[in-house]
Amino acid sequence: MLGYSAIRTGYNMVSDPAAATAEEEFHQHVKSVSFSFEGPTGKYDRAQLQRGLQVYHEVCKACHGLTQVAFRDLADLGYAEGQVKTIAAEYNVPSLNPETGEAETRKGTAADKFPSPFANDIAAKAANNGAVPPDLSLMAKARHGGPEYIYSLLTGYQAQPEELVKKFPDSKTGPGLHYNPYFANLNLAMAPPLPVDDVETDRKAKDVSAFLMWAAEPKLENRHKSGIPALIFLILFTWLTYMSYQVIWADKKKH
Amino acid sequence: MSFPWANHYEPQHPFMRYMDEKLPLPRFIYNAIGGGYPVPRNLNYFWNFGVLSGAALMLQIVTGIVLAMHFAGNSALAFDSVEHIMRDVNSGWLMRYAHANGASMFFIVVYVHIFRGLFYASYKPPREVVWLLGIVIFLLMMATAFMGYVLPWGQMSFWGAKVITGLFGAIPVVGEPIQTWLLGGFSPDNAALNRFFSLHYLLPFVILGVVVLHVWALHLPGSSNPTGVPVKSEEDTVPFHPYYTAKDGFGLGVFLIVFAILVFFAPNFLGEPDNYIKANPMSTPANIVPEWYFWPFYAILRAFTFDFFFVPAKLLGVLAMFASILLLLFLPWIDTSPVRSGHYRPLFRKFFWFGLMPCIIVLGYCGGSHATNGVVLVSQLASVYYFAHFLIILPIVSRIERRCRCRTPSPKACLARLRPHNRGLEKNGSHYRFSGRPVLFGHARLLGHPHRLQYGV
Ligand code: HEM
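Residue numbers (the working numbering), protein chains in the order written: chain F, 1 to 255; chain L, 1001 to 1457.
Rather than coming from a laboratory, the hints here were simulated on the basis of the structure.
Any given hint could turn out to be false.
[What the hints assert, rightly or not] SDA-like cross-link-like pairs, simulated, lysine to any residue; straight-line CA separation at most 25 Å:
#1 F/Lys225 to F/Asp45
#2 F/Lys141 to L/Asp1088
#3 F/Lys219 to L/Gly1271
#4 F/Lys141 to L/Val1066
#5 F/Lys43 to L/Gly1034
[Claimed, not checked] If you want the footprint, here are the derived chain F segments under chain L, 3+ residues with CB under 8 Å:
#6 1 to 11
#7 141 to 152
#8 210 to 223
Ideal Cβ positions, reconstructed from N, Cα and C, are used throughout, including at glycine.
Take these sequences, add in the hints, and give me the full structure.
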C-alpha cells in the first residue's frame, strides 16, 4: 500500500510537477539587524525602548493593541511612577459608568493594560479593508525571525516587481493591499505605517521592533541574569561529580 | 535482589533497626538503588539514560504542578493565563520555559535510552518485560506530551489537536462518534481543553507507576552491559551505590547544563512561533507541524496519500503510525539472534547504522517539513524501509548471523568471525583473553570464554 502510494506520488511528480508560485520566488528572508538584547548576556537598551514606545504610541496604536502589557510594566523602560501615570492617561480604556452602568471609556491608570483600539474584530475589519490588525503583544515571538521580521516588514514596502506581474499575472497586488516581499503571501492589508522614503524610518523601525521584543519577552534580562550564575554553578557541580566519579572508580579502573 | 553476592542491608542505628522492622523502606531503597544492587562494572555512558529519563520525569512533575497552580483550563482564559505566568507570576517564566523545554529534554534522553536498547538488543530475554513496559511508557509519554501541548491554546495547540483527534474520524463507522465523544464536541473547544488538562495532570503519575514496574522488572535479571554477555560473578559487578550513583550524578550534571542552556538562552528554539498566536478556529496555519519529537511518526502518517481499494488513505496512515510503534513490542521475538550486543553483530550493525538510523533521521526531517510531493515521496520510501527493517531484514540477519557461528571449527575462529578485526586473543588456561585494547567498551574479563559470546543470553 505504501509502495502504491509512493508510485502514484512519483508519477504525479513527473506528470504534474508543482507549478512555481510567486511566494516561492519572491519571498525574502528577514534582514539581519543587530540588537542589544541578542546573545547570552544581551540587555535591552532603555533609550531605544523608550523611542520604540514613542513610535508605537504615535503610529501603531491607531490600529494595533498591546493587550498583554500593563502600563505599570513601563517602569522597566526606566520611567518614573509619575511618567507611567501620564502615559497611561493618554489611552482610553473601556469601563462602566458607576451611576448608570452604561459602557463608557475612562483614562487609563498604571494598573490597566494597553487597550485594543477596536471594540471587537468586526469593528477592526470594517476600519481596515477587511483585515484585522493583530495584537502586537507577542508579535516578536509569533513569527520566524521575531524582531528582525518586524523590522524587515516595516522597511520592506516597495513597488511590485515588473517580472512578478509578468510571470504571475494572478498575483498582482489587489486593491487595498500593499506589496511587501517579507510578508508570507507578499501582499498585506497594512499600508506602510512608516513613510517609505523618510530618513527616520530605518531607525524608527528598529526602535519599535526592539520595543515589541520587550513587550513579548519582558523577562529576558532576568533570564539572562540568572542563566549565567546557574550555568557556572552547574559546571562546578558537574566538575565535582566528575572528580568524585574518578575517585570512587579509581580502584576498579586499574584492571 | 537476584544476585547471590549482593550486599545485605544491615541497619546499625537502633532507629534504623526499628524502621527496618516496622516499615522496611530503607531496606527497599538500599536494595533498589543502593549498595545492595549489583551492576555490571563495564557499562558505558549509554546506560546513564534510564536514570536521566527518571530525572526528566521528576522535573516535569515538579514544574508542572507549579504551572497548574496558575493555569486556567478554559478555552477563553488559557492563552492569557499562560501569559500571566510568563509576565506576572514570580519566576513563572522559569517554570514555563523549564516545563516546555523539559518535555524536549525528556524525549531526547528517552530516545537515547531506546537507541541503547535497540543497538545492544537489551530487549532480548530475560529483559523482554522491561522492554514491553518501556514501550508502554513511551506511548503514555506521547499522549501526555500531545495533551500538554494543547493546553496553552495557541494556534498550533488548536490545530494540532484538531488534526490528531481527527485521526479517529478515519476509523470506519464508529470513528466519528468516537471522535465527538472524546472531544466533547465536533471540534476541539472548552470541553476538550478541560479534559486534556485533567488527563495531562494524571498521566505523568501513571508513567511514574509504570516506571516503578519497569525498574522492578529490570532488577530481577539486573542490567545488561555493552558486551551483552551476562555477568557471572561478583568480580563482574559493582554495587550501584556509590559506583553508579557517582557516574549517574556526573551524567545528570551534563544533562542539566544542556537543559539550562536551552531554558536560559534559547527557550523558544525548539518551539513553533505560531503557538504565540491565540487559537483561532477560523484561520488555518500554513503548515501544521507537531513538536519535533513526533516528526518521524507524523511523516509515516502523511506517507499514505492514496486510497487503497476501499481503505481510505487516512485510515492507512493512522494504522501505519500506530503500527510503527506497536511493532517494537514484538522486537524480542523478531530478533532471534543469540548474540546481543551490536558490537559483535557485524551484519546487524551495518543495517543498524546505515539503514535504520538514517531512515529515522530522514523520516524526522520529512515530518517537520512542508508536505510537498518530493517530501512525501521520500517519507514513503523511508517508511517502507522502516517496516522492512523490522519485519524482513532483522529476522533474516539474525538467522544468518547464527549460522555463521555453527560453521566455525573452534571458539577462537568463531570469535574472529564475529569480530573479524579483533586481534590479540590469547589462550590463558581454559579462558581466552584479549591482550592489548581490542575491546571497544569495557572490561576484558567479562568476555571470558568466547562461547559465552555465542550464547550471550
Ligand atoms: C519515563 C521514561 C523512562 C524511564 C524513567 C526509564 C527508566 C529506566 C531505568 C532507570 C533503567 C535502568 C538504567 C538503564 O539501564 O539505563 C531502565 C532500563 C531499561 N529501559 Fe527504561 N525508562 C523509561 C522509558 C523507556 C522506554 C520508552 C523504553 C523502550 C521502549 C525503555 C526500555 C528500557 C530497557 C530495555 C531497559 C533495560 C536496559 C538494560 O539493562 O540493558 N525505557 N529504564
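Holds or violated: F/Lys43 to L/Gly1034, with C-alpha atoms at most 25 Å apart: violated (46 Å)
Distance restraint between F/Lys141 and L/Val1066, which requires alpha-carbon spacing of 25 Å or less: Measuring from Cα to Cα gives roughly 24 Å; hence the hint holds.
Chain L over the segment 210 to 223 of chain F, status - at least 3 residues with CB closer than 8 Å: With 5 residues close enough to chain L, the hint holds.
Within 8 Å of chain L (C-beta), three or more residues of the segment 1 to 11 of chain F: holds (count 9)
Restraint status (C-alpha distance of F/Lys141 to L/Asp1088 at most 25 Å): Holds. F/Lys141 to L/Asp1088 sits at ~18 Å (cutoff 25 Å).
Agreement of F/Lys225 and F/Asp45 with the hint, judged by alpha carbon distance not exceeding 25 Å: Holds, at about 15 Å.
Restraint check for F/Lys219 with L/Gly1271, where alpha carbons must lie at most 25 Å apart: Roughly 18 Å separates the two Cα atoms, so the pair holds.
Three-residue Cβ test at 8 Å for the coverage of the segment 141 to 152 of chain F by chain L: holds (count 5)
Hint check: a violation occurs at hint 5 only; the rest are consistent with the structure.
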